[in-house]
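Heads up: the protein sequence lines correspond to chains A and B, in order. Note that this note's numbering gives residue 208 to position 208 of the first sequence, counting from 1, and the numbers run on in steps of one. The number in this note's numbering is simply the position in the second sequence, starting from 1, with 1000 added.
Treat the hints as calculated values from the structure; they're not laboratory data. Mixed in with the good hints there might be a few duds.
Pairwise CB distance ranges (calculated) [as the list claims (entries may be wrong)]: (1) A:Leu17 - B:Leu1157: 53 to 59 Å; (2) B:Thr1198 - A:Leu133: 58 to 64 Å; (3) B:Phe1215 - A:Arg9: 17 to 23 Å; (4) A:Glu165 - B:Gln1110: 54 to 60 Å.
Here chain B is said to cover these stretches of chain A; the calculated rule only asks that three of the stretch's residues, wherever they fall, bring their Cβ under 8 Å from a Cβ of chain B [as the list claims (entries may be wrong)]: (5) 32-43; (6) 86-95.
Only part of the chain A face toward chain B is listed, based on derived beta-carbon distances under 7 Å [said to hold, decoys possible]: (7) Gly11; (8) Ile19; (9) Ser21; (10) Ala23; (11) Pro46; (12) Ala111; (13) Ser118; (14) Val209; (15) Asn228; (16) Ile230; (17) Leu252; (18) Val263.
This one's a predicted model, so the numbers in the text were calculated from it and none came from an experiment. Where is the CB? At the ideal position from N, CA and C, for every residue including glycine.
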Amino acid sequence: MNLRQLLGRVGLWLSVLTIVSPAILFFLWMASLSLKFEVDNAAYPPVFIPENFAWKNYADVLASNRFLTYFVNSVIVTGSATGLAMLVGVPAGYGIARMAAHKSAVVILIARITPGLSYLIPLFLLFQWLGLLGTLVPQVIIHLVVTVPIVIWIMIGYFETTPLELEEAALIDGATRWQVFRHVALPIAKPGLAVAFILAVIFSWNNFVFGIVLAGRETRTLPVAVYNMISFDQLSWGPLAAAALIVTAPVLLLTVMAQRQIVAGLTAGAVKGG
Amino acid sequence: MSVVTQASAASARDAAPEREWRPPSYWPFVIPALVVVLAVIIFPWVFTIWMSLNEWKVGSPITFVGLANYLRLPADPRFVEAVEHTLLYTALSVLLPLVFGTLAAIVFHQKFAARGFLRGIFIMPMMATPVAIALVWTMMFHPQLGVLNYLLSLVGLPPQLWVFNPTTVIPSLVLVETWQWTPLVMLIVLGGLAAIPTEPYESAQIDGANFWQVFRFITLPLIMPFLFIAGMIRMIDAVKSFDIIFAITQGGPGSASETINVYLYSVAFVYYDLGYGSAIAVVFFLLIIALAALLLYLRKRMLWTTELGAGA
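The shape of chain A in the complex, shown without the other chains (with noise of 0.2 Å):
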């Protein structure tokens, strides 16, 4: 390796680490916050990693039974959101791929650009009609805006290229057309199932608009309920940055060990819903 070379080395490694590191040093500091005493976090200059580890902050968070009620909300919420959309959104993908009915997409496109609020309206309403407000079947049918377009968005593009020869086949030898589905052409699009069920779970986790209006008391998810930290505890910091880090922990594990399948779908389809 010539000196050249090595320059260039040493500048594409100097240009990678000042790319990631807003995000490493944001995410860095939020752990730190997380772990610190009050007189740490009012300490300036402000204190990297303290002498004493406020682990205590974590047990706090955990300890409380509110936040396990938000947790077990939430992981209904986006389970039940997330494999409604699934049971519908996989066949629906599959069928228009098949029609090639590319113009349904449109509908997609426009659930993709109406925002999130605009749907809460009318459903709220709808909601409140059926006295369905204080259960979590407001939360998890609201939910479903976000993430049957994505699912449905990224199985046509799954479905679209997977071979049409082995379908062909077994049509041919007398399998119906469910069949061919269930055993032809869903093993194929395994990756695509993956894809899709990520990306929908992390949205529908992640998302807080919809909790703000429907939720009640007892029917708050996890980011709804870090919100309502914020306003009512705004004083200590340290157990505020370890709930909004154990809210936000298994999206950021998922993206790091699941970064392939994530970065395959966001750019097939750069979804975001809500």
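Based on these hints, arrange chain B on the given structure of chain A.
Chain B alone, transformed into the frame defined by chain A:
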């Protein structure tokens, strides 16, 4: 790597001839989703348009008022101000991520160790729960205890009030938005870079072009379509931005960072003026469509000029 496969798969799909084999009915696969889409997407839209024609406050009777709600809009100073805030916020939140995202994409286009892992780290800001990161940014913006003013003092700059000052609140929020969404632009442009053939670069190297010339005359024109897509997606998301603004400032101080979306929230769910809120929602949607059309028009004009330029 996955970006490359995705891009080449997409181009292969476009190039494939129309298939002849069209089995009669795939409708049963689509019907369940159609029901869901009708219920949660189409129905709310129709209902919103109808509601926007009525005076409808929660608890009082509904009266049909025609276009009165729409006529209220231009005379509502808070709405007009919200439109201005939204346009400023959007312009900045499109341009800055485009610049930084392109630079980051050029770096990630090189080969280096642990690239996939580092790309995973790089996209964490846009995948993280917005409310959670908004909370940490709020702490970082704190004028006395926040780490940002400390960082400024290290380089000899005076402390700022960040989101607590009406004149700096929008730029401060744009900083968060840029930090959060630069990765998406990076991913889209990276897909574009992967699709560029190597020949132009080889001949440029022979001609002795420098780095800037290569970027300006080869890379930039070739990734333009991807930059356009990224800009369009960024515009749609920035106009609708809610979580970050609402969680950090709730539109404040005063109404200095109140965008259309935040105002819409107040009208519909604080004042429960649902008819007027619906009118705002409709106008808001039309504004997004108009901005998208404007971008498309600008792109067309730009293509036209460059073609003329190339022909001359």
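Now the hints, each set against the structure:
1. A:Leu17 - B:Leu1157: 53 to 59 Å: 23 Å, violated
2. B:Thr1198 - A:Leu133: 58 to 64 Å: 59 Å, holds
3. B:Phe1215 - A:Arg9: 17 to 23 Å: At 20 Å between Cβs, range holds.
4. A:Glu165 - B:Gln1110: 54 to 60 Å: 39 Å, violated
5. 32-43: holds (count 3)
6. 86-95: Held - the region 86-95 of chain A has 7 residues with a Cβ nearer than 8 Å to chain B, which meets the minimum of three.
7. Gly11: 10 Å, violated
8. Ile19: Cβ of isoleucine 19 of chain A sits 5 Å from chain B, so the hint holds.
9. Ser21: Violated, about 10 Å.
10. Ala23: Result: holds, 5 Å to nearest chain B Cβ.
11. Pro46: Holds: closest Cβ of chain B sits about 5 Å from proline 46 of chain A, inside 7 Å.
12. Ala111: This hint holds: alanine 111 of chain A lies near chain B, its Cβ roughly 5 Å from the closest one there, short of 7 Å.
13. Ser118: At 4 Å from the nearest chain B Cβ, serine 118 of chain A passes the 7 Å test, so the hint holds.
14. Val209: 5 Å, holds
15. Asn228: 10 Å, violated
16. Ile230: Since chain B brings a Cβ to about 6 Å from isoleucine 230 of chain A, closer than 7 Å, the hint holds.
17. Leu252: 6 Å, holds
18. Val263: This hint holds: valine 263 of chain A lies near chain B, its Cβ roughly 6 Å from the closest one there, short of 7 Å.
Taken one by one, the earlier hints fail for this structure at numbers 1, 4, 7, 9 and 15, listed in ascending order.
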